Amino acid sequence: MSVNRSDLNSTLPAGTAGGEPLHVTVADVRESASQERRDKLRSFLTNWQGVTGLALVLLFFASAIFAPWLAPYDPNALDIPARMSGPSWDHIAGTDQLGRDTFSRILYGGRVALKIAGIGVSVALVIGLVLGMIAGYGPRWLDNLLLLLFDTVRSFPTIVLALATVALTGPSLELVLIIVIVTSIPGYARVARTATMSLINTDFILAERSLGASTTRILAHHVMPNVAGPLLILAAMDVPVVVTVEAGLSFLGLGVLPPTASWGTILNEGYLVIRDTPWMVVAGGIPLILTTLGFTFLGEALRDVFDPRMRKGG
Amino acid sequence: MDTLLDIRNLSLEFRTPRGRVKALREISFPIRKGRTIGIVGESGSGKSTILWAILGLLASNAKVTSGEIMFEDRNLLALSESGLQAVRGEEISVVFQDPMTSQIPVLTYARQMFDILYRRPGMSAAEKRRHAVEMMQKVGIADPESRIDQYPHHFSGGMRQRAGIAMALLTGPKLLLADEPTTALDVTLEAQIIHLLQELKSELDTTVVVVSHNLGLIAELCDEVVVMYAGEVVEVGEVRQIFHDPRHPYTRALLECDPARIEKASRRLPVILGDIPDLAKPQTGCIYATRCQRAMPICRTDAPPVVGLTVSRFAKCHLLAGPHHDPQWPPPPDVLTVPMGESVAAPRTVGRAQGELLNVTNLNVQFQIMGPVSAWMRGITRRHVDAVLDVSLSVRPGETVGLVGESGSGKTTLGRTILNLVPAQNGSVTFENREIRNMAERHFKPLRRDMAMMFQDPVGSLSPRKSVRALIVEPILIHGIDCPDLDAEAERLADLVRLPRPLLARYPHELSGGQARRVGVARALALNPKLIIADEPTAGLDVSVQGEILNLMADLQAEHGLGYLIITHNLPVVRHISDRLAIMYLGRIVEHGPADEIFRNPAHPYTKALVEGVPNPDPDRRRTHVSISGEVPSLLRRPQGCDFVTRCPYAQDRCRIEKPPHSRITPDHDHACFFPLR
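Note that the protein sequences, when read in sequence, are chains F and V. Under the numbering used here, the letters of the first sequence match residues 63 to 376, in that order. Under the numbering used here, the letters of the second sequence match residues 68 to 745, in that order.
Think of the hints as simulated: they come from the structure by calculation, not from any bench. Please read all numbers here as calculations on a predicted model, not as lab measurements. Please note that the accuracy of each hint is not assured.
Simulated restraints, written as ranges between beta carbons of each label pair [as the list claims (entries may be wrong)]: (1) V:R688 to F:R104: 55 to 65 Å; (2) V:P372 to F:A117: 57 to 67 Å; (3) V:S495 to F:R104: 49 to 59 Å; (4) V:S474 to F:T220: 25 to 35 Å; (5) V:V440 to F:I221: 35 to 45 Å; (6) F:V303 to V:H576: 31 to 41 Å; (7) V:H576 to F:F128: 40 to 50 Å.
Some but not every residue of chain V turned toward chain F, in silico, with C-beta under 10 Å [stated by the list, open to error]: (8) R483; (9) N487; (10) H546; (11) I600.
From chain V, some residues computed to sit far from chain F (all C-beta separations above 10 Å) [said to hold, decoys possible]: (12) T70; (13) V131; (14) E139; (15) G150; (16) D165; (17) R197; (18) T428; (19) R450; (20) S459; (21) N500; (22) K512; (23) I545; (24) Q719; (25) P728; (26) P734; (27) F741.
Yeah, the Cβ is synthetic: ideal placement off N, Cα and C, and Gly gets one too.
Next up, chain F with everything else stripped away, as it sits in the complex (with noise of 0.2 Å):
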């Protein structure tokens, strides 16, 4: 830096500049800047949605991860006298068809899910954001190339690929896994392709090539913050989207095997003895939503509080 501190003398103006004064520290900055982390946890905390998202968010990793110490009974244990009770001080969310108390079964369901929608989710959100960069950023060719392979991925209904695996490998947990992320990458890929290519264009991208800034550095620093909140929504959403899809497969015998717990083995149990009880179907159902509305609403709470542009006010 040739530009020396007498140069910086000689432009100070004295005074004031734009109607502020200049006796500002680096402490000041500092300041305002831990006051605008407390602005961003406030602002999250002052809304509604946030709030109950988070609630619900948090009640559904704490009832997934302490299962074993909050269920009343062993998930399959078998009270064949009590089948298909509904709701009781015994059995709080009834029993199934083979007298396993619904209420454990959900909460161990819930680990099942915890992992498949967590792992699952984080991980085709991750490299589908990756793909979708590349994609929109890069040359056209692989532009091209990479859209042919989302799209060939997409072409395969989910059920027919795991009915392929499965062929190959037996049906497993890992396997249901592999599948959500290998069909929900394209989902992803695409939304951040998109949002990558809207923004190649602007003006920020361009000042950032002109003043040199590697490819990797703009979508890491530059493009990626800008198309990472479409993404979390996204990805918030997909989370039920998931465990329907785990259940689907479970249901078919390609996933979780019975006598494991799962929410969707518990739905489809349910729906088969729907005319006996409704209790397991509606028991299977309430967590579904409540998990689904926490990440929903914390996703676009999680959305305004990030996203500067939509902060209201100065």
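Given the coordinates of chain F, work out where chain V should sit on it, guided by the hints.
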């Protein structure tokens, strides 16, 4: 004379999470029948808000707190929605700023114009069509009978604005509102639209309200002027009174800041220091006191008196009456009441004869328009258009070169090509005698420290999720420069561009145009470059602020010996800061020489048109003719001979066949015209 519209004591606020923003405070002025009223003010003055209040089209968070708008005998603010609907379009209509977005892209003009006449059940479809065609004819659209069946995208920008005016006039409104009607257009088109409005005004018996920040437009078009500042009317008067005898210090300052009014070419422009006050906070005293050079203690505490003879000639200022009356105010016109920036430009530290910093020779940039297959199918041999054609240009250290042209002239492409952001087909670009054209990014990256670019959109060229601090130090991080204290560096750069330090924690969208522009300058300067390419450095800035930015750039140039290539369409502005000018048209440089000489004595007809295209901010010097007609042709339809032949008033047969070569008048002044004007 009858009053058509009377705004009385109008106050309006916007409810925002930051509090109530008092956007308009006690606005009163009459609009008399048959007159043209100009409302002039900078951004944030509330001038457009008045228009929306008249039409009842305010944003949902707006609330009128007092006052009335009397249109003939009705109070528009008290009318029901259906009552307003009957007035809108029928009795009061609007010409919008941007014809691109204010016309329906999927309907033909004929259809859009039928729809405007929906309240005329007595008119048959054929009558409506005839009426619409007549109106299109009136606004100067050639062959209206067939063009009316076309869609907006078939029309060029200037034609679209003409069609917009035709649609506004279709119902024969009593009052026509025009919101920045020429801001989205190039200078030569602006001149044409002003001329059209002048003609229509005398032909049709319509009262017109023009809202604009452009003093030249107001001076050419209006009979009366309302000057607004920060939500208040500060001065009202006849156009000659406002331009020749302004009473309010703000009006005076605004006029002095207009570069088109400054005859003397100097490197500094006058400025109004400071920012517009925050209208969410309570205001006491005179609203302009914080920026006024003549502010007295009383100005900050007591509201200024309204001094004037009638409702249509007054100004609000303590200097004009009362105990603080200053008989010396206003001073004679040749006295400058605003400062010319903070410091005087120091003598240049770097001599000009040190050889060339940047040298562009016969540069060509082409854009592919179709793939080989579709070109073959359509039997087209040229698959590209020439965006930049045989351009030669040089910039020496410490020198400012202005590159001037209308949109579509290729000036921005040229700037980006020099910085290796757009590939060039052939020619040469040398920087400090090194060939850099189409250099691999890996080799070019170190050179980016020496060449910086400022982009057109001050806010849009800043990454929206980054704080100002992160944006300013970004170049240092990109080039991996060892910098022990980035915070200190950010502050040093902020001070250098006179950006208040608290703004370092803000985000781009929270900055005003001028502040964002300073951030752009700080980023450009972070690596201490030798050359800065500035694309429209004053675009989107108010007159009072653009001087500050240009003075800042001049100061930095004087200190560091920077070379500037300033790309702009704004001839009066670059004229004051440039050593040399290059005028570009359809990708070619048509004239190139010393700035003063080109401005005073242009050789190329296009340069002359550009010089004359700028409206003169003097109501006594209104133009009576338009110097050039038509618009810049599409690059796809480049004329066979001289590029300018389709619009040139002096074109002759030879011009239509041959391309004129560059010829020299003096060693440093050349042009490309067979029949130069000098």
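Hints and how they fare:
| no. | hint | verdict |
| --- | --- | --- |
| 1 | V:R688 to F:R104: 55 to 65 Å | holds, 58 Å |
| 2 | V:P372 to F:A117: 57 to 67 Å | holds, 60 Å |
| 3 | V:S495 to F:R104: 49 to 59 Å | holds, 58 Å |
| 4 | V:S474 to F:T220: 25 to 35 Å | violated, 50 Å |
| 5 | V:V440 to F:I221: 35 to 45 Å | holds, 39 Å |
| 6 | F:V303 to V:H576: 31 to 41 Å | holds, 34 Å |
| 7 | V:H576 to F:F128: 40 to 50 Å | holds, 43 Å |
| 8 | R483 | holds, 7 Å |
| 9 | N487 | holds, 9 Å |
| 10 | H546 | holds, 6 Å |
| 11 | I600 | holds, 8 Å |
| 12 | T70 | holds, 39 Å |
| 13 | V131 | holds, 22 Å |
| 14 | E139 | holds, 39 Å |
| 15 | G150 | holds, 33 Å |
| 16 | D165 | holds, 18 Å |
| 17 | R197 | holds, 44 Å |
| 18 | T428 | holds, 22 Å |
| 19 | R450 | holds, 16 Å |
| 20 | S459 | holds, 23 Å |
| 21 | N500 | holds, 21 Å |
| 22 | K512 | violated, 5 Å |
| 23 | I545 | violated, 5 Å |
| 24 | Q719 | holds, 41 Å |
| 25 | P728 | holds, 33 Å |
| 26 | P734 | holds, 33 Å |
| 27 | F741 | holds, 38 Å |
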